[in-house]
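K.L.:
For reference, the chains in residue letters:
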Amino acid sequence: MTEQSSLLNLSRRRLLITTSATVAAALLVSTTGFTPAQAAETPKDGGDITFLIDSLGDTWIPNNSAISSFQGHIWGHVTDKLLYVDAEGKVSPWLAERWEQNDNATEFTLHLKNGVTFSDGAPLDSAAVVANLDIWYAGRKNEGINPIGLFPKTYDRAEVIDQSTVKVFFKKPTLGFIPTLGYHGSILVSPKSLAQPASQQADLSKTAGSGPYVVESWKEGDHVTLVKRKDYNWGPAAVGHTGPAFLDSITYKLVSEPSLRVASVQSGQADVAYNASPQELKSLKEEGYTIATPRYLGFVNGWAVNTKIAPYDDVKVRQALQAGINRQEIIDTVYTPDWKLPTSFIQSNVPGATDQSGLLAYNPDRAEKLLDEAGWAKGADGVRTKDGKPLTLTLHSNPYLATSKSVDELIAQQLGKLGWKVAIRAYDVVTYGEKVKYGGPAIPTYEVTRSFIDAGTVAGILTNANNGENWFALDDRDARLNDLRDKIAGAGTFDERNPLLNDLQQYVLDQGYFIPRTQIVQRIYVQSPTLKGEVYNGVAYASYYTAFIAD
Amino acid sequence: MSNAYLTYAAKRLGQAVVVILLAYVFTFVVVSILPGDPITSVLRNPQNGFREEEIAEIIAAQGLDKPIIVQLWHSLSGFLTGDLGISMRSNRPVSTLIAEVLPSTLILASAGLAVALVLAMLVAYGTRFVPKRYGQGLLRGFPSLFLSVPNFVIGLVLIHLFGFQLGLFRVINPDSFWATLFAAIALGIPISAQIAEVLIANLDKEAEQEYATVARSRGLGQARLFVSHLLKPASLPVVTVIALMIGELLGGSLITETVFGRTGIGSLVQRSVSTQDLPVLQAIVSLGAVIFVLVNLVADLLYPLLDPRVKILGGRKRQPTTADETSIGPTRVVMP
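Sequences listed follow chains P and S, in order. Heads up, the first sequence is in our numbering, so the first residue is 1 and it goes up one at a time. Heads up, the second sequence is in our numbering, so the first residue is 1 and it goes up one at a time.
To be clear, the hints were calculated from the coordinates, so they are not data collected in a lab. All clues given are correct.
Coverage of chain S stretches by chain P, computed from C-beta distances (three or more under 8 Å per stretch; other residues unrestricted):
(1) 57 to 64
(2) 169 to 179
(3) 269 to 276
Over the 12 Å line for every Cβ pair with chain P, so calculated as not near, a few chain S residues:
(4) L13
(5) Q15
(6) A23
(7) W73
(8) S75
(9) G82
(10) S110
(11) A111
(12) L117
(13) A201
(14) Q222
(15) I255
(16) V290
(17) V293
With a cut-off of at most 30 Å between alpha-carbon atoms, the simulated DSSO-like pairs for lysine-lysine come out as follows:
(18) K66/S with K435/P
(19) K532/P with K90/P
(20) K172/P with K437/P
(21) K228/P with K90/P
(22) K141/P with K66/S
(23) K253/P with K405/P
(24) K153/P with K66/S
(25) K66/S with K437/P
Just so you know, even glycine gets a beta-carbon here, dropped at the ideal spot from N, CA and C.
Construct the entire structure; sequences and hints are all you get.
P.N.:
Here you go:
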């Protein structure tokens, strides 16, 4: 009897222990938000993935293609950069282990990681870095090799100090230089590849980078297949992995029809579909696919207003435009909650961006009041007129952004209610490039989509100083804007520059020079749930260097 | 070879050269008068952040700001010395680009032609020997039906049925055997129509000839009669039709390639047109002209060998072809 009861007790205790352990485990799992499957996963080697993309761009000359929304994916795996810029704009060391600058940001010293080689065997040393800096700045224009458009124009020269030290000189303070090294255009290519003529550089298989993957095969208009480089050992510390990649190969395959790309991922024939249409995302998410809509660092999607064209020379009309757009409705109607409201005219993840949401609030009453004050009276047909002329706005939909026209149509309705007569013109890329320019004579608003790495370059673009782009056609008329621009350009430290950037954002938005629409998501990824561990960088490219196939 | 024949051949060759040169110049002029060029449209992508002066400088460095006539002379002199130039879009030699995609198109075009021939043969055989109550009349309507359904419609139906429903091929792997076969079927069907029409008309004619009656009276079976007696004389005009149809075959493969996602001459043309890549377009148009002229030349030279009744008579030749023109039907020439 005694024996029996103790046995019983024992088993009961055991039962209790087991139950409580299970409960505790379940609690732990539920509170930490891990599903058991995810918690058990560690990256494993092997596997091949197929990435379906809508285009593979035009040329493969590194300088001309590195910033392409399509080819950038391949360059991101085949080449490395001196610095790493993460999705929050945080700059961290990569092939440059550390760097110093002088007080007025005109001289920078870069200290390179040792032992890094290009896939053609050449060392990635200081001479290689100088060769790259030179070609980024100048290109070889007569051969058709363009400079990198956003590389600082203030570059003077770079010098080899020793095997692993480079000194870079600028003609003027250039705080933006360091972040630029993490920009998508700043890819490091073997000096042997750079020395090739343009027609050789245009053959992707003839360009050697130092990245975790190398090109195995490619066919123009068809595919690019990358295979892992086994001796790779210099990944950016910021992504938490520095050794060789896990996946054996990545195939970028061109499929131009968006629904076909998504359907292929759904049927298990491919792993990632690029640029799905925003409307499909909700149902795909519900089906269990991983959806990524990383934002890049740059300007938000919005309009640069031409202050030379009446009535947009009137600040009240511009301010009415600013208050008359219901941005939340754009996100609700055209996009999904993955898109974010603008908080400034630069994306909110850019270092130095400040929250100016107050200036961008939807306030139709204020807009109507401003238009009344400006002398635009509402007629019987609901259109406002002044001196017999109707209040018109002609929008030119941006052909580089697929959803641009839908947003234009919605805004036309919103402004229509306030008394605007809005016309929409949609041109193809070639015609758009010819006809639609900043401050063009018939272009009241120019739709902006543009990435950059450093907010310090912004002020220079907005005005006409130093060959700036003069976005608002102000020429030299706005003394305050010019003053802010000069101070920002001359700032030697970020502490000095950040308050100035805040003033700039506030001023530009308050004046209605820039009318933001939404923060921009230019790259949309639909991914099979078994593929995990990818990382998105500051320009929203997916890197599969850290990715793996989960069981 | 008679003197008359050589004169004739030289004249034909001279005409061919003129046609090719005209095609070259015509393409140049048409593409040049359109606004924009591939280099500027790339440079103007706002992501690049180039200023107007920089764009102008790069354009000048490429010689694109020179007058059209200078540019034409430059490209024409290159062409005449066998240099097809460099693609403005991809910066790679045009000859490399074409060599890369040509095999895929040739495979598709020849498979399409084979499908068309087999299909035309089957339909023609059916119209003669399928009894009337089993739909001989219906078969005679097939060529018109095949001709009136565009091949992209056929392609989409085939992709849907055999690619998605039955899973015979993967849509993202268009170079596989099954995908190629179905692309060839889509391409071959409309082309088979024209061949079948000519074949049927000529079979009807040959079947009434005395030798056919004799053969039948000797108790020859239908199939034997068709294969060993009627087919050869009836298919002579088909050679001419095929030669004329090369243009259609190349042009049709352009559409079929797009539908099936194949990377061939068609997709290269499409990319080059959308970016106004002049050197590539000129090379392809000239190549198309060369192929077309060459194939027709070969057909003309082959004809006397196939049919001893045809003689080259002092620069004029090939009487039967002109006589058969009604049965050839409307010739639709599509530039690839």
